[in-house]
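2 protein chains.
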Amino acid sequence: MKIGMIGLGTVGTGVAEWLIKKAHPSLCLKRIADIDIERERQFMPEKSLLTTDAHKVLDDLEIDTVVELIGGIEPAKSYIMKAFEQKKDVVTANKALLSSHWVELMESAKRHNRKIRFEAAVCGGIPLLASITSGLIANRISALYGIINGTTNYILTKMEEGIEFSDALSDAQKRGYAEADPTLDIEGVDTAHKLSILSALCFGRWCKPDSIYIEGISQITAADIQYAKELGYSIKLLGIAKGNVLKVHPTLLPKTHPLSSVSGVYNGVYIEGDLTGPILFTGKGAGMRPTASAVISDLLALARNEEFVLLKTEEAEPIPISETTSRYYVRFQAEDKPGVLAAISGILAEHKISIASCIQKERGDVVPIIMVTHDAKEADFVSALRKIEQSPKIKEALMIRMEE
Amino acid sequence: MKIGMIGLGTVGTGVAEWLIKKAHPSLCLKRIADIDIERERQFMPEKSLLTTDAHKVLDDLEIDTVVELIGGIEPAKSYIMKAFEQKKDVVTANKALLSSHWVELMESAKRHNRKIRFEAAVCGGIPLLASITSGLIANRISALYGIINGTTNYILTKMEEGIEFSDALSDAQKRGYAEADPTLDIEGVDTAHKLSILSALCFGRWCKPDSIYIEGISQITAADIQYAKELGYSIKLLGIAKGNVLKVHPTLLPKTHPLSSVSGVYNGVYIEGDLTGPILFTGKGAGMRPTASAVISDLLALARNEEFVLLKTEEAEPIPISETTSRYYVRFQAEDKPGVLAAISGILAEHKISIASCIQKERGDVVPIIMVTHDAKEADFVSALRKIEQSPKIKEALMIRMEE
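From first to last, the protein sequence lines stand for chains A and B.
If you read the first sequence in this note's numbering, its first letter stands for residue 4, the second for the next number, and so on.
If you read the second sequence in this note's numbering, its first letter stands for residue 4, the second for the next number, and so on.
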């Protein structure tokens, strides 16, 4: 197999190092394109392999497999389409592209009778996608819950020590776990990209990322994490896919749930198959070497001419978040005056929302009141919340959804 | 693909039900052999499919794939060898056979240019073997720790509630988690079978089960589990493979170790890859439907003509347990008299074994003294233990190895 790589960033460098140092008999790295071939890297391939022109890879008739590692929509998409036209198979880690153009990419691959593999696009260090499409192939999957963004999981884990979000984010940035502009991670967009791919693989339902309800973690305070802990829960940013529900939001998970103990930069994906029952995969989701591991496993699967089995997949719309049902954790910051609790619980009752537990213990001008509800429809809960917030005695209301 | 099945037990019934009800276009179940075709089963295939003669499967030239689900060494081994000779591929769940005749089976398959797959032999509900051989193929695996027997994990989990071993075993038997004769499970033999297979796949080192050091869980008391908990550990029956160490024994694992939270009948396998870092797979290891899921994924992989990639594998001997190094938990039952602790710690010091922590709090005629050591060579520790046991003041000494 003659391989051309486009993108010599962190992951590309890891892949190139493995291919060159291990010199696997089936895999020959013929050319690497990157816009910057001068920059010092942790591993430097021979100058003769490098080019600044991606078309030197795409137009090379000897190259039969293109590894696309530049990320983003364009020019990555054009490169991949061109690769198919040129009768080349593709390995990519590009979750933004896959999630936003799934059907187009898969159809183009099929039309040109080419293969596309992307194990590295979701949870690089975990052999997850092949496990879903091949290992669990006999199953009907009913639900998937994933901690699929290491940056946010690291931040939430740090916050369990009592550190506030902004400090935990700085810490993650210092360690290289979060980017200078961390928006895509902390606002849940990266999780939605991966969830879109997982939904296509598990259910044959592809939902564009911008159709997925997304809520990030920047509103969560260290206090919320402590209250959740007192109630027996941890807070995780989850991607959730079940039936026609597809959503990304911080979630209170019981401490006894297997995903609760997935901490730090680790990813964890919990899948319910009708035959297997629940399965949990845990490992590193990102980083040079875990992601390179996934890219190379894809290359070797292509070298063995393995098929990547996809369900018949159609574009779908998740149901609106307002129509979903959940239990809710809510923290009100309320004036410490008589009648506040009665007012809140009265409005909840009006909306037929029943309270499972309540914590109010501090004293001061403004005190936190924590409530946990039983199952309620989101539209009802939100309208109750809007009404409660109109009270001048309520300074703030933060809601976090729950899962069992 | 025309499939012949030998063995219509629990798993066979699950596989037959799926094949017949789902009617997958690639998979046609042509014949099922079992010594008893009259017994009522949860799902009854048409009588016309059934035969009591396995050779009606093996000699049928239309059948190209044999599913062996009778277990045990003979006649399973002869059937599989015959299947290869008759140009049939094989899917098996037979861990006893694979672990004891690995090289012979693999060589016979190769000689006849046939395939053998056995995802169901280890952790049925977890797509583990394909993940190791394909997903982690770029990695050098340095260690594997597995909770790979659900029966013992259920018993140990029950014992965390303060129930003694024999009651927990009865409970497991009542629920169908343990067999009437539970020896193979509780004495660690089943774990050794699976560990032997995992070692061949991860390291290319095949060790016969009888060369593997095996210690079961029947010596563990509910009190040990409580003491371990106080020290911050859980007790799990682990199969451990790292370097030339291959062993099965109850193990104190820190509560923070990901395997510590794998409870009940669940299996968990923790693998360290040089690229991926640590990965944990958790799911059901046994049962009709999880195991059927694995068998069917193998059948579909054969239908796609996928290769099951094996490392070049040689027979190897694990190093003797006496040459291994570990930390140790030890519980002495000692007379509550002056000088006992001094005597014990003196003998340990003579053998250069240093004590990390010690618990002695109850009072009575005979009291438990719990010690945790730093790293020590097993031979040294055992000879210290033998010497301590000679003291008339020591009534019992139970040692459990530890991992970090």
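Do not rely on the hints blindly, as some may be mistaken.
Copies of the same chain look alike in the list, so a pair counts if it works inside one copy or between any two.
Heads up, simulated DMTMM-like pairs for lysine to aspartate or glutamate below, C-alpha to C-alpha not over 20 Å straight-line [what the hints assert, rightly or not]:
1) LYS396 x GLU107
2) LYS24 x ASP277
3) LYS118 x GLU309
4) LYS25 x ASP277
5) LYS211 x GLU77
6) LYS245 x GLU20
7) LYS258 x GLU164
8) LYS24 x GLU406
9) LYS315 x GLU110
10) LYS398 x GLU77
11) LYS396 x ASP368
12) LYS398 x GLU110
13) LYS118 x GLU310
14) LYS258 x GLU163
15) LYS211 x ASP67
16) LYS245 x GLU309
17) LYS113 x ASP277
Hints in this document: simulated from the structure, not taken from any laboratory.
Review point. Which holds for LYS25 with ASP277 at a C-alpha limit of 20 Å: within a copy, between copies, both or neither?
Key: Answer is between; shortest inter-copy Cα gap is 13 Å, intra-copy 40 Å.
Exercise for review: If the cutoff is 20 Å on CA atoms, where do LYS118 and GLU309 land: within, between, both or neither? Let me know, please.
Suggested key: So LYS118 and GLU309 pass the 20 Å test inside a copy (9 Å) and across (15 Å) alike.
Check your understanding: Is it within a copy, between copies, both, or neither that the alpha carbon of LYS118 lies no farther than 20 Å from that of GLU310?
Key -> For LYS118 and GLU310, both the intra-copy (8 Å) and inter-copy (17 Å) Cα distances are at most 20 Å.
Exercise for review: State whether the alpha carbon distance between LYS398 and GLU110 is at most 20 Å within one copy, between copies, both, or neither.
Suggested key: neither (52 Å within a copy, 74 Å between copies)
Exercise for review: Tell me, please, which holds for LYS396 and GLU107 at an alpha-carbon limit of 20 Å: within, between, both or neither?
Suggested key: This pair counts as neither: shortest intra-copy Cα distance 53 Å, inter-copy 78 Å.
**Study point:** Intra/inter-copy verdict for LYS398 and GLU77 if alpha-carbon distance must be at most 20 Å
**Key:** neither (45 Å within a copy, 75 Å between copies)
Exercise for review: Have a look at LYS396 and ASP368 and pick one of within, between, both or neither, based on CA distance no larger than 20 Å.
Suggested key: Answer is within: at 10 Å inside a copy they meet the 20 Å cutoff, but 65 Å across does not.
**Study point:** Intra/inter-copy verdict for LYS245 and GLU309 if alpha-carbon distance must be at most 20 Å
**Key:** neither (29 Å within a copy, 30 Å between copies)
Exercise for review: Can you give me the call for LYS211 and GLU77, within, between, both or neither, at a CA distance of at most 20 Å?
Suggested key: Within one copy, since 17 Å is at most 20 Å while 54 Å is not.
**Study point:** Intra/inter-copy verdict for LYS211 and ASP67 if alpha-carbon distance must be at most 20 Å
**Key:** neither (30 Å within a copy, 43 Å between copies)
Review point. Is the C-alpha distance from LYS245 to GLU20 at most 20 Å within one copy, between copies, in both cases, or in neither?
Key: neither (39 Å within a copy, 26 Å between copies)
Point to revise | Alpha-carbon proximity between LYS315 and GLU110, which holds within one copy, between copies, both or neither at 20 Å | key: within (11 Å within a copy, 38 Å between copies)
The structure fails to meet hints 1, 6, 8, 10, 12, 15, 16 and 17 from the earlier list, while all remaining hints are met.
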